[in-house]
Each structure stands twice: as C-alpha cells, then as structure tokens.
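On the provided structure of chain A, position chain B as indicated by the hints.
2 protein chains.
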Amino acid sequence: MKIVVQKYGGTSVSDIKKIKKIALNIKKLKKTGVSIVLVVSAMAGETDRLIKLINSVSDVPNEREYDQIISTGEKISSSLLVMALNEINVNAISLDASKINLMTNNIHSKASIVSIGTKEIKKYLKKKFVVVVPGFQGINSNNDITTLGRGGSDLSAVAIAGILKADRCELLKDDVDGIYSADPRLYNKAKKINHISYQEMLEMSSLGSKVLQSKAVEMANQLNIKIYVKSTFNNSRKGTLVMKEDKIPIKDKKVVSGITHDLKQAKISIIGIKDTPGIASKIFKPISQSGIIVDMIVQNISTEGETDLTFTVPKEDLNKTFKILRENKSKLSYKKLIKDEKIALISIVGAGMKIHTGIATRMFTSLAKSKINISMISTSEIKISCVINQTSCKKAVSSLHKEFGLD
Amino acid sequence: MKIVVQKYGGTSVSDIKKIKKIALNIKKLKKTGVSIVLVVSAMAGETDRLIKLINSVSDVPNEREYDQIISTGEKISSSLLVMALNEINVNAISLDASKINLMTNNIHSKASIVSIGTKEIKKYLKKKFVVVVPGFQGINSNNDITTLGRGGSDLSAVAIAGILKADRCELLKDDVDGIYSADPRLYNKAKKINHISYQEMLEMSSLGSKVLQSKAVEMANQLNIKIYVKSTFNNSRKGTLVMKEDKIPIKDKKVVSGITHDLKQAKISIIGIKDTPGIASKIFKPISQSGIIVDMIVQNISTEGETDLTFTVPKEDLNKTFKILRENKSKLSYKKLIKDEKIALISIVGAGMKIHTGIATRMFTSLAKSKINISMISTSEIKISCVINQTSCKKAVSSLHKEFGLD
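In order, the protein sequence lines correspond to chains A and B. Here my numbering is used: position 169 in the first sequence is 290, and no number is missing along the way. Here my numbering is used: position 173 in the second sequence is 294, and no number is missing along the way.
Isolated chain A, as found in the complex:
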C-alpha cells in the first residue's frame, strides 16, 4: 500500500471554492491507486479571529481553554473537505487527534508530539477511504486538546507520514510553490530550489523563511521523511524536495543555497559594563527565564576593565527585555542602554560551506561593495548571518544573490 500524506495550509482552504478544487485534485490522485491521508489547517483568518475573541476576554487566558478554542478551526475545515469529497463520490472520513491517538506532552499551545496510533487510519485506508486529519492539534494524557504552535499542521503531517512510513510528505501551499533562493516578494530574481537538505532548510526556517515550521523539518530529518513543498492549485509546477544532503543530485548542490532576511529582530546594546567573570550570565539569566530568546551576542574587546555587549531579541520582546535590564541596573552597573529596532538579519545558508573556504570573506566583501555596514556577525557550520541597517535589506539580498551565483 503506497501512502501519500498531503498537508493543505490555511490559504489553500480559505474558501469553499478552493476546498472543492482540492477535492477534485484528490479524486484524480486517488485514481492512481495510492492511499491518501490529508492534514488540513484552519481556513485562513479563522485562527486569528479566535485569538482576537480570546484576547478580548483575557490577557493571560487559561491555556487548556485556549487550546480548546483555537483547535476548532481545523476540525471545521477537515469536515468541510470530507463533505466536498463525498459530493464527488470519494469516500472520506475525518479522524481527529482523539480518534488516532495523536498524543502530545502537556505543554499547551506549544506541545510536542509523543506518539500516534495507526490502527484507525489504516482501517479506513484499507476500506479505500481518504482519511482527513485536523492539523495543529493533539491530546495529552488527560485527554485534553493541545496545540502544536503556529505552523503546527506541518508538524502533524510529517509525524503522520513518519508513523505510516509514507514515501514522502507533501506540503501544499497556495501562497508559495516551493522554497526559493531568497524571498521572491523582496527580490524578483529569486529562483526556486529543486532540492535542499534538512539542515539548510532548518537554518532557513529559523532565519526568517516562514515557508516551513522548524520543528517539522527537524522531525522529517529524524524520521528521514522527504518533504515536498509545492503549489496547491498549479499542478504543472515542480516544487522543492527537502531531503538528506547526501541524496541530493550533484548538479543541484550549491555552495550557498539561499539568502534569508529577518526584519523581526531588534538589537540592544549595554554600554560600559564591568568586564568581570560571570557578568554575561548575570545579564542573560533573568532574560531567558522570562522565555525571551536571545539570538546573536557580540562582546567588544574590554578597555580599562569596561566593555560593551550587544545582542538581538525578537522585536515583540524588546520592551520586556529593556524592563528586565532596567530592573537589574544596580546589580549589572552599566552606563547606558541603546536599542535599535531598524535592523535586518541577513543570512546566507549552504551545506557547501562545510567544504568550501572563503565564503564569509566573499559575503563581507559583497556587502562592503554595496556600501552596507555590518554591525554584528554570527556563523554556524552552514550559515553566516550579519546584522545590517533595515533600509539596506533589499540591496543586501540582491548583491549576495548575485555574488553566490543564484540569479
């Protein structure tokens, strides 16, 4: 039994016309003889509508009830898709988390999948039913509904593909038709990538590309499930295959696969701080304890026992971080705090960096030629990130895209 797992995102099911179109595509696919499991997101806008309702009741809503509310959208779209399939004589059934024992841990709104049962799914696949699973949700050991975080339907799909030993997991999108070498909305010479490794995709996801959820890529890597990102409605267009690096055809291997940009970070500098052992821990402990994720950290060379420290946090956490630093001013004894919200994080990602040298130099030179100043640098095995001025973002993407032969 060849099993295909397909996930349809919120913009793909945003209205009934689209849902009916998807049903027709699935009918065609079913005629090829494969068994089909669909994972469906909530209709675009629905989850936001529910969150708005919740926020008008409470700033710190009860987590269990929160998940109970925001999980309803996927149930609705799943059942609508089943109805649309039935209308064109395709047998289908929706099976929610409690039906397929999609168990998670107990961390509401950001739950991790622990296990998934296959009995119910396989029972209906054997009966030639299309099985539709509401994405983004599971149940905990107390049988309460949990949700997997924004983009969590990707994770549902990959996990289900893994447990069913599906050949691959198709993530169908209406707004994009694959992974691009840069954001095509920012830079129109961006090219679709045919093959990309899990590691590269992971870096791109965490560096601002919102096409795939990081957790889903991580799980696909662990379970060795190929992810195929493609267009929902344009069947003729080829998408992007996310897979093991060593299986990628040589012709598709590049030194740098993609350029990402992230405008959602802010920079904080702590000026004139005593350069004593343990000072970094004193600064970052209260920040991380508040659940704020610090990304890049740069410490200046110390002069006369004093130093400056610069780091980035998500823009939405900027005020909270400032408040924490001010509350700890006496303990930290710094001279002043500077914030900068007008930054862009520009990164180049490529598995080729592991074997090629001089990539960083090429990046810095290329940015310098475009008169772009770099204020922070961070590197890992397969990526180099620079913080630059936000207004130079587009120029940086285009010059790096050219520099690394991606145009």
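No lab work stands behind these hints, which were simulated from the structure alone. Computed from a prediction, not measured in an experiment: that's the story for all the values here. Treat each hint with caution, since some may be false.
Treat identical chains as interchangeable: a pair holds within one or across any two.
Listed next, the in silico DSSO-like pairs over lysine-lysine satisfying Cα-Cα at most 27 Å (straight line) [what the hints assert, rightly or not]:
hint: 1; residue 1: Lys347; residue 2: Lys231
hint: 2; residue 1: Lys139; residue 2: Lys173
hint: 3; residue 1: Lys173; residue 2: Lys138
hint: 4; residue 1: Lys142; residue 2: Lys173
hint: 5; residue 1: Lys148; residue 2: Lys173
hint: 6; residue 1: Lys244; residue 2: Lys331
hint: 7; residue 1: Lys249; residue 2: Lys151
hint: 8; residue 1: Lys286; residue 2: Lys444
hint: 9; residue 1: Lys457; residue 2: Lys406
hint: 10; residue 1: Lys523; residue 2: Lys475
hint: 11; residue 1: Lys374; residue 2: Lys492
The following block gives chain B in isolation, referenced to the frame of chain A:
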C-alpha cells in the same frame, strides 16, 4: 451540596461584553454557597454561519461531519466563559461531552440523550470549580460527536440537572424573560405566566412557542425537574416556573393559560380521491418515510365514493411533499392537489380544559365574531387548534386573549 444548573442561550453570549457580565453574575451567585453547573449555547449567529458554510459544500452533507462542524460553536463559547470567570478569580473548567460521558443514540443532528456521567462534574464541584458544559452535543457509542437538534442546549441542561438531582434548572434568555400568555411581539397585552404545567408547556412548544425545546420539557417532566425561565441580565424580574400541574398555586390556575400561533405550517388538499380502506395509509406512508411530520389531518365526508383530504406539513417540507404525492399519482388516483402557504395555526392551551366544558365553543364563537374563518380544527386533552388565514393571525390572538381573560 445544593446544585444550580443554569443554561445560557445564544443571544445571552452573543458578544464578549455579555459573557463578562454573565461571569460577574455567576461570581455573585457562587458567593451564596451553591455549586454551579453552566450549560452554554453557541454565540448567536455562529451555528447559522457554520450551516451556511456546510450548505455551500453539500446539499446532503455527511451527517457525522455535519455534527462535528456545528458542535464547535458551543465549545468556543464555553471556553470563553471559563476565561471570563478566571479573569475575576472564579475557578472554572469546561467539560465537554466526552469528558462527562454525555452519551446519546446514533441519530446525528437529532440525537437523544442516553446517559450522563457525574464523576467528573462532581469532582470539580467538590473543588469549588464552576463547571461549564458546551450545550447541544453528546457522543455516541463510537465516540463520534452528535448533536441534539435546534434548541438542544435546553435538553442538555435539563438532563444534567436531572442526573445531578439539582433543585431546578434555570434557562436564562436575553430575548425573552419568561413564558407569555401570547407572543408579546405579536400582541402587546400578553402577560408573563408565573407558573405553567409541563403538559401545557409541551403543547405550547409544539404549537409554535419557540421559548423552550419540546424534548427538554418532556425530559423535565419525566425527571420532575422544575424549569425556571428568566432574563439573563435583568435579575430583578421574575421569570416563569414550569412544573407539575398539581403543585401550581390555585390562584395561578387558569382555564386557558396561553394562546400560540404558528406561521410555519402549510396546508395541502388532495381533491377527488377514491374513499377506499387503506387510502390514508397509502398517502401518508411515503410522506412519513421521508421524515416529514404531518400535523393536522381532516377528511371530508365522502360523496359518491369520493372524498377530499386536507393536512398540514411544515412549510419547508411543502415542495418535497408535493413531489411525493405527484410521484404516487397513479397509485392514489386523485383529481388534483391544492396547496396553501398563507395559513396560521392558532391554538389555545390550558390544563383547565380537562375539567371545564364549552371551551371549544367559546373559541369558535370568538373567532366568528371577529369574522375569522376556520378551515381546520384539531383538539387534544388540553389544547384546541384552528387553521385560519394568515392575515387574520393577529386579530385571532387578540380576540382569544380577551375571551379567555388573559388581558
């Protein structure tokens, strides 16, 4: 432990402001020391929105998926109410049908309640939590969600009050504040009824008064649970108590308790049908098999072996009924079919009819004085119904209201 079960209808929870107001009322009630179970409807308009979505996908939607979709509205409003209670420091939890084992039979969209577990509810009541149950829904033996039909939250509330041996079940409404002697929107001299018997309420519900669901009244009667219908937000106003007839104070006993009208019926006449044994069965069998409920039936006196037969069906089933009759024309061999959608069903309801005579005559005379023609009559132990022209509806209500001393 004194338990109060309250049910809030859709217009009572139609926006967040109202939900917060209800939470405040409940906080006050809780301070009196009672244990509180709330049953909540979907926010007004939500169920209609979902049905519209469904209808744009399918004319005959899959019943299981249908119930899965339309049951989401009550889950959302229940969790929102829990959040609103938490905001003002009242402990609360929502427990859905699967949590409290609210089991039903397997008739989707019109399910009947089979049993309800009390363990989970009592556990949280003991912990001093307010328990909130999404109304209108249960689960069948297959663990699929079922729904109880329009107005089904009334039924949920009465059944829960019954199983918990609650003193009474309060049904709180925003659009009405009790049961009236006639529809106050049609006739402004209608008076609120302080006490009414289950039997009278049942007749009124099935004769067009939409305040309470018939099934809920029936169950309250069986379980001997008093229903108290009152205003959600106007606490000072007294509502209506639906209870056993023999417990109603003498001063509140009337010959006729209420006048109802129903504009949702249509009349069909079959002209020139052979008056042979079994003809009625031949006519009504295929109609009832299609799930159409025939209410009144009148057969004319037969002349020369031929007769006419007139009956009423819900307006929405008129075309379907006509189609069935046409399909069976050769078998039934009638001369022609006549339909009339412009009718009103006017009824007087009162337990006093059991011991008083001449009530029917007073009704007919009163209508005749107002020059209203009666085209069909039907009686039961405690009600008399007449079909009249729709345009005379208001005049009929006012003259009967006066005639039976209800003004």
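Results of checking the hints against the structure:
1. Taking identical chains as interchangeable, the C-alpha atoms of Lys347 and Lys231 lie at most 27 Å apart only when both belong to the same chain, with a minimum of 24 Å there against 45 Å between chains.
2. In this assembly of identical chains, Lys139 and Lys173 lie within 27 Å of each other by CA distance both inside one copy and across copies; the values are 25 Å within and 16 Å between.
3. With identical chains, the CA atoms of Lys173 and Lys138 are at most 27 Å apart both within one copy (26 Å) and between copies (14 Å).
4. With identical chains, the CA atoms of Lys142 and Lys173 are at most 27 Å apart between copies only, with a shortest distance of 19 Å across copies and 30 Å within one.
5. For a Cα distance limit of 27 Å, the shortest separation of Lys148 from Lys173 across copies, 25 Å, qualifies, whereas the shortest one inside one copy, 36 Å, does not.
6. Proximity of Lys244 to Lys331 under the C-alpha cut-off of 27 Å is found in neither arrangement, the shortest distances being 35 Å within a copy and 44 Å between copies.
7. For a Cα distance limit of 27 Å, the shortest separation of Lys249 from Lys151 inside one copy, 9 Å, qualifies, whereas the shortest one across copies, 53 Å, does not.
8. In this assembly of identical chains, the alpha carbons of Lys286 and Lys444 never lie at most 27 Å apart, being 48 Å within a copy and 52 Å across copies at closest.
9. For the homomeric pair Lys457 and Lys406, the shortest alpha-carbon distance inside one copy (19 Å) is at most 27 Å, but the shortest distance between copies (88 Å) is not.
10. Taking the closest pair of Cα atoms, Lys523 and Lys475 come within 27 Å of each other only inside a single copy of the chain (21 Å); across copies the shortest separation is 95 Å, beyond that limit.
11. With identical chains, the CA atoms of Lys374 and Lys492 are never at most 27 Å apart, being 30 Å at best within one copy and 92 Å at best between copies.
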